[in-house]
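S.K.: What follows is each chain in one-letter form.
2 protein chains.
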Amino acid sequence: MNRNSHHVVVVGAGFGGLEFTRALADASVRITMIDKRNHHLFQPLLYQVATTALATSEIAWPIRHLLRKRKDVTTLLANVNGVDRAGKNVLLEDGSAIAYDTLVLATGARHAYFGHDEWEPFAPGLKTLEDATAIRRRILLAFEQAERETDPARRWALLTLAIVGGGPTGVELAGTIAELAHDALRGEFRNIDTGQARVVLIEAGDRILANFAPDLSAYAAKALERLGVTIELGRAVTRCDAEGVVFGDKQLAAKTILWAAGVAASPAAEWLGTPADRAGRVLVEPDLTVPGSPEIFVIGDAAHVPRPDGRLVPGVAPAAKQEGRHVAATLKARLAGDTSPRPFRYRHDGDLATIGKRAAVIDFGWMKLTGWPAWWLWGLAHIYFLIGFRNRLAVSLSWLWIYATGQRSARLITQGDDDKG
Amino acid sequence: MNRNSHHVVVVGAGFGGLEFTRALADASVRITMIDKRNHHLFQPLLYQVATTALATSEIAWPIRHLLRKRKDVTTLLANVNGVDRAGKNVLLEDGSAIAYDTLVLATGARHAYFGHDEWEPFAPGLKTLEDATAIRRRILLAFEQAERETDPARRWALLTLAIVGGGPTGVELAGTIAELAHDALRGEFRNIDTGQARVVLIEAGDRILANFAPDLSAYAAKALERLGVTIELGRAVTRCDAEGVVFGDKQLAAKTILWAAGVAASPAAEWLGTPADRAGRVLVEPDLTVPGSPEIFVIGDAAHVPRPDGRLVPGVAPAAKQEGRHVAATLKARLAGDTSPRPFRYRHDGDLATIGKRAAVIDFGWMKLTGWPAWWLWGLAHIYFLIGFRNRLAVSLSWLWIYATGQRSARLITQGDDDKG
Chain E
20 MNRNSHHVVV VGAGFGGLEF TRALADASVR ITMIDKRNHH LFQPLLYQVA TTALATSEIA
80 WPIRHLLRKR KDVTTLLANV NGVDRAGKNV LLEDGSAIAY DTLVLATGAR HAYFGHDEWE
140 PFAPGLKTLE DATAIRRRIL LAFEQAERET DPARRWALLT LAIVGGGPTG VELAGTIAEL
200 AHDALRGEFR NIDTGQARVV LIEAGDRILA NFAPDLSAYA AKALERLGVT IELGRAVTRC
260 DAEGVVFGDK QLAAKTILWA AGVAASPAAE WLGTPADRAG RVLVEPDLTV PGSPEIFVIG
320 DAAHVPRPDG RLVPGVAPAA KQEGRHVAAT LKARLAGDTS PRPFRYRHDG DLATIGKRAA
380 VIDFGWMKLT GWPAWWLWGL AHIYFLIGFR NRLAVSLSWL WIYATGQRSA RLITQGDDDK
440 G
Chain L
20 MNRNSHHVVV VGAGFGGLEF TRALADASVR ITMIDKRNHH LFQPLLYQVA TTALATSEIA
80 WPIRHLLRKR KDVTTLLANV NGVDRAGKNV LLEDGSAIAY DTLVLATGAR HAYFGHDEWE
140 PFAPGLKTLE DATAIRRRIL LAFEQAERET DPARRWALLT LAIVGGGPTG VELAGTIAEL
200 AHDALRGEFR NIDTGQARVV LIEAGDRILA NFAPDLSAYA AKALERLGVT IELGRAVTRC
260 DAEGVVFGDK QLAAKTILWA AGVAASPAAE WLGTPADRAG RVLVEPDLTV PGSPEIFVIG
320 DAAHVPRPDG RLVPGVAPAA KQEGRHVAAT LKARLAGDTS PRPFRYRHDG DLATIGKRAA
380 VIDFGWMKLT GWPAWWLWGL AHIYFLIGFR NRLAVSLSWL WIYATGQRSA RLITQGDDDK
440 G
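Line by line, the protein sequences are chains E and L. The working numbering puts the first residue of the first sequence at 20, with every later residue one more than the last. The working numbering puts the first residue of the second sequence at 20, with every later residue one more than the last.
No wet-lab data here; the hints were simulated from the structure. A couple of the hints might just be wrong.
Since the list can't tell identical chains apart, any single copy or any two copies may satisfy a pair.
What the hints assert, rightly or not - Simulated pairs of lysine-lysine, DSBU-like, Cα-Cα distance not exceeding 30 Å:
1) K146 / K351
2) K376 / K88
3) K376 / K90
4) K107 / K269
5) K55 / K146
All chains should be modelled from the sequences, with the hints used to inform the complete structure.
M.R.: Here it is as structure tokens:
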């Protein structure tokens, strides 16, 4: 690769960043991929790690292994601190700088607490592998402590698990936690009955899965209730602390609270010094460039991209991938001398969410699917999209095993406060 | 189960504690199993987690799941603080006490630094899942940092990995790390050649695998050198710090140092206020009871058990299991009215160690085995001894995959200092 060729720096090896890099396979550019983690994460299945169904290595892959055959790509594990737009440099935490000709920021999102960051220790969210193992640890420890707790009120608080947010992540967490407690763990304790554990899903709006058609929301609510999940609608959470969660006039004593209610973008807007929306997403031009810097693109969850009907492009993997492909095509056109603007158009394929291991809802718009056909389609689609063949095989095996036996393989409590894992 | 029946408390669900509990399946006693972790760990394969070949959940199982069908067993996740021998109570960290009629301490060992605990941050040992993921993180991060390091001396220190201790664990770590660097990671970096990484095995004695026959030691040394491991014999380590490791007159600049040199028993002797050997192992009677307390047994790595020839019963899984079965038989005899002393006799089946993925050494005494036949026998034996069928399948799959493709599935850097995983 010619050291003088066009240098593209990509920050973030999520769905958007990786897809962009792939689509640029035959372009005559040098690419540097920077990520603060060494692995790409298949986030749609992260809740299954948090609920003991899958092992961490089944949904994550080393980035440099994924890109090993791309001799045009250098992978760096590094923390980005800022962007020098005038000098065209990405600034790293260690003080070094990396010059770019084109910069693609695909830095994703974290969970947000609507200005209440003090809730985070009591209500962790789910975005990274560490989040998932921490939540797994929290859920399993609650049952362990309940087994030893003699005070009935405290025992009830330990056996109460609250999930805040009725979107797909909240619904998937609630369903699998209910199955874990009411099914997989049953019979393994002597002083408690995990079948009595309360799983409560709290949603501020008037229905769960608000992005789906109303009849699918109603179906999902029924399916969740069949699994033993209590759904609380119409009241927003106003406090989370060591005692539990307060929503509206209700106080729920719960030692385990999980946060699935909001996301906030990464600090890309701060790095750029460019306007962002309330959630921190960069307000990009229709071609996904940053205003005033046509050589900088922002894609995926870090970007605020309006659709013609006024709604935003959603923060899902297919959207990030479409944006990655679009930016790659734009860059190739530019390198070929065509600098005409190329506005991005989002194609929405559908929404889907699973409810435990036998039901799911899929909303394609033109078609709706529920029950076990939806669940099987969901399972096949996710196995298909898993990147490595090795992981497809391992995940299929894990799921078949759980499906057939109800046993889960990743029920490990690790990384306690005193284990500097 | 009759609440008034004989109550047996077991502390530690390692090989010894679990085997004891199993052997007591048909006895009319109540059993309480206490462990400070929620999982039984298959320690012989822990080095494979540390070197990215296996996932954590492939070698660990929830204790209460293993014992779920044993309605006579209550499993508690708890930290033990001491033993009240006079009152026959196990004292827990939370202030509560658990009364016993018979107590079995099977609390295992940690690594020891011969009075130099200040070395631990620079030279971590390998006893728990957290140890393994921390070591995995350390090894992978060294290569990531080397890829970005421009100073040649610092880059060499990052590409130098030292293993202290030439026993089976040290040999297995050195062999798999050499394969990881020289084989699996090769071609994935752009600024370094991991094939140049130095893996140095440091042993104070005059040969590695000192417990084996000399010709097997020599074979293992040759096999390691073929994998690119440098073996340093005859000089004890006198310092470990951020710069590297000092042994004899030699100073080796190494950013990654792993400790496989010594074990120290758990605090069981302190709990009991009874004499221990230099490594902290309880000096037990020939029947494995504690002097003066015939109702307390100590088994496994926590016990100092001499053999007729003066050597000690080794700290390996088969020894712990034999002791567990012996104590169970003793207890059953006692419950039947036979209180005659029953001295424990150890039967040594052999020693084995693997060197990378194509060689191993096995010393049965009456037969010695090297090369790929030993490796295959080692692999089959370990799969056979893995407890859950699910894990046998998963581990077999992982190994076949690595064997066939050289790819490793668990190359994840998680749990950084700022990730409170």
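S.K.: Hint by hint, say whether it matches the structure.
M.R.: Results for each hint:
no., hint, result
1, K146 / K351, "neither (32 Å within a copy, 52 Å between copies)"
2, K376 / K88, "between (37 Å within a copy, 24 Å between copies)"
3, K376 / K90, "between (42 Å within a copy, 28 Å between copies)"
4, K107 / K269, "neither (52 Å within a copy, 47 Å between copies)"
5, K55 / K146, "both (14 Å within a copy, 28 Å between copies)"
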